[in-house]
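**Q** From first to last, the protein sequence lines are chains A and B. Last residue of the first sequence? That's 992 in the working numbering, and every number before it is there in order. Last residue of the second sequence? That's 622 in the working numbering, and every number before it is there in order.
Quick caveat, the hints were computed from the structure, so don't treat them as lab data. Idealized CB from N, CA, C, for every residue including glycine. Please note: incorrect hints may appear among the correct ones.
[Stated by the list, open to error] Label pairs and their in silico Cβ distance ranges: (1) A:Ser960 / B:His538: 54 to 62 Å; (2) B:Asp486 / A:Val736: 39 to 47 Å; (3) B:Ser600 / A:Leu735: 41 to 49 Å; (4) A:Leu976 / B:Val386: 28 to 36 Å; (5) B:His538 / A:Leu976: 32 to 40 Å; (6) A:Leu976 / B:Glu367: 52 to 60 Å; (7) A:Arg985 / B:Ile379: 29 to 37 Å; (8) A:Trp847 / B:Val386: 54 to 62 Å; (9) A:Ser960 / B:Asp486: 51 to 59 Å; (10) A:Leu976 / B:Ile379: 42 to 50 Å; (11) B:Leu599 / A:Arg893: 41 to 49 Å; (12) B:Asp426 / A:Thr834: 53 to 61 Å.
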Amino acid sequence: MKKVLVPVMEWLPAMGIVVTILVGWEIFVRVWNIADWLLPAPSAIGYTLYDSWGLLAGHTLVTLEEVVLGFGLALVSGMLLASAITLSKTIEKALYPFVIASQTVPIIVIAPMLLVWIGYGLTPKIIVVALISFFPIVVNTVDGMRSVDSDMQKMMRTMGGNRWSIFLKVQLPVSMPYLFSGLRVAIAVSVIGAVIGEWVGSSEGLGYLMIRSKPQFQTERVFAAIAILSVMGIALFALIGLLERLLIPWWHREREGRPRIS
Amino acid sequence: MDSKRESNLKEKIIEVVNVSRRIGQGSGYVDVLANVDFYARRGEVVSVIGPSGCGKSTFLDILAGLERPDSGTVTVQGLHTENLLGSVGYMQQKDLLLPWRTVMNNVILGLEMQGISKKIARRQATERMDSFGLSGFEDQYPYALSGGMRQRAAFLRTILTDTSVLLLDEPFSALDALNRSHMQEWLLNLLESYDEKTVVLVTHDVEEALFLSDRIYVMSPRPGRIVVAEKIVWDLPRSRNLLSTQQFTETKSRILSYLLSSETVL
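Sequences and hints are given; from them, build the entire structure.
**A** Have a look at this one:
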């Protein structure tokens with residue numbers, strides 16, 4: 731019983747804040763009689779979620795696909811790039827400035843250009859998502875690979891380890907917790923990336939639905955899309971946490987430092 | 357009782373002649389080692405004792421081939437500095453176990469890098485788990501082990517690489533006093549069963565050095581120089597009882613006085 735209750739208790743403060751905001755919002759809209767197109771009440775948004783579920787679900791799947799594929803591309807390219815940067819000083823000097831520069835150019839400028847170069851469809855959205863999310867992955871993984879204890883490297887070298895075996899057997903595993911920190915940031919921004927990608931030009935997805943609903947004064951639909959995007963972000967974030975626990979269980983054991991057998 | 361008494365007759369496995377090492381450049385340099393002469397014969401346990409920061413670890417790094425001396429020559433089993441890496445066993449102060457590997461997979465790391473198949477490596481490790489007090493813990497992760505067990509696992513990892521020279525850098529300094537004396541006795545027994553191995557033990561614990569080694573070198577603080585080299589021969593077999601004999605306490609105070617008189621700086 732306690733085991734079930736503890737996680738519920740942990741979530742109670744967050745739930746409390748959400749409920750308070752929603753109730754306050756509902757009262758505000760009703761008492762001041764705010765028009766639906768200006769600020770819909772939570773109940774109206776809830777009704778839209780229920781009523782237009784078929785429409786919303788279709789667009790949700792499109793956005794989710796863009797997020798997952800773009801994130802996957804960022805993960806693969808980010809890890810490869812981080813490995814190359816770690817293994818070669820020349821590659822580091824040649825590419826790291828571009829990695830940083832890629833983040834200083836506003837994505838809102840790049841996105842329309844991608845549309846011009848590549849056209850409509852899924853590909854430019856995947857690229858936007860990947861562009862926005864690969865930065866935290868690369869930076870964190872590089873930091874992780876560099877965090878290897880110099881004594882650990884010494885030990886590997888005295889056992890006959892070369893650059894490559896040190897990388898595979900030590901640097902790569904050591905970087906995993908750092909990679910997962912990067913992934914948490916990356917998954918949150920990749921949802922934003924997908925929406926931006928859809929805003930600049932698309933015919934489907936939650937971002938497209940928001941852009942189209944606003945001029946039609948279907949504000950409750952815009953809010954419904956926002957609600958779905960938030961839930962999507964939280965769910966993907968939680969999924970990464972779950973994967974982390976499954977894939978690098980040693981990290982949590984080390985951190986929690988269970989009592990030792992003597 | 358002491359087969360190592362005949363060690364005079366055996367060849368010098370390690371020979372260090374007039375080695376100096378300076379770290380840093382320009383005006384910011386530090387002389388870490390100055391004109392160090394050292395040797396160890398086959399099967400000997402030789403200790404190097406000195407205050408912290410006297411360059412003991414740098415000395416071991418040089419013997420392991422991790423660092424090159426600025427001058428002088430280093431010969432270990434006929435190999436010179438540039439070819440030493442991978443042929444000398446080196447156990448550092450920290451256990452450096454990999455937290456994502458089980459005890460078994462940690463101890464076979466060296467064999468794995470020598471290209472030996474995991475199956476054969478595991479078999480070799482299993483044979484020795486017991487004498488290292490690790491049987492039953494093969495599938496545990498390092499976090500679950502006590503400091504002494506972690507240190508023994510690190511030691512087994514070094515032993516399994518099967519090098520005839522072992523360098524031990526203050527292997528027990530992280531342990532509490534009780535654990536340390538247990539580990540010293542354990543190491544003494546173990547080294548008797550590996551009497552062909554040449555061991556260089558670096559420590560700042562005079563008692564530990566006297567208890568475990570055949571010869572002792574005393575090093576001065578920066579720059580590290582060999583102040584005195586002394587052969588250790590006991591009238592009694594090595595055991596805890598030895599520590600309370602007059603011979604032991606006299607030798608200990610003599611070595612301590614060398615150490616203290618060398619401490620001109622600091």
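**Q** Indicate, hint by hint, whether the structure satisfies it.
**A** Okay, the hints, checked on the actual structure:
1. Ser960 (chain A) and His538 (chain B) have their C-beta atoms about 58 Å apart, which keeps the hinted 54 to 62 Å range intact.
2. Between Asp486 (chain B) and Val736 (chain A) the Cβ separation comes to about 42 Å, which falls inside the hinted range of 39 to 47 Å.
3. Under the hint 41 to 49 Å, the C-beta atoms of Ser600 (chain B) and Leu735 (chain A), about 60 Å apart, miss the expected range.
4. The hinted range of 28 to 36 Å is not satisfied by Leu976 (chain A) and Val386 (chain B), whose Cβ atoms lie roughly 48 Å apart.
5. For the pair His538 (chain B) and Leu976 (chain A), the supplied restraint of 32 to 40 Å holds, since their beta-carbon distance comes to about 38 Å.
6. About 55 Å separates the C-beta atoms of Leu976 (chain A) and Glu367 (chain B), a value consistent with the hinted range of 52 to 60 Å.
7. For the pair Arg985 (chain A) and Ile379 (chain B), the beta carbons lie near 35 Å from each other, so the given range of 29 to 37 Å is met.
8. Hint check: Trp847 (chain A) to Val386 (chain B), Cβ distance near 57 Å, so the stated range 54 to 62 Å holds.
9. Separation of Ser960 (chain A) from Asp486 (chain B) is about 57 Å and conforms to the stated range, judged on CB atoms against 51 to 59 Å.
10. A hinted range of 42 to 50 Å for the beta carbons of Leu976 (chain A) and Ile379 (chain B) is consistent with their spacing of about 45 Å.
11. For the hinted restraint 41 to 49 Å between Leu599 (chain B) and Arg893 (chain A), the CB-CB distance of approximately 46 Å keeps it satisfied.
12. The beta-carbon spacing between Asp426 (chain B) and Thr834 (chain A), approximately 46 Å, falls outside the hinted interval of 53 to 61 Å.
Hints 3, 4, 12 from the earlier list are contradicted by this structure; the remaining hints agree with it.
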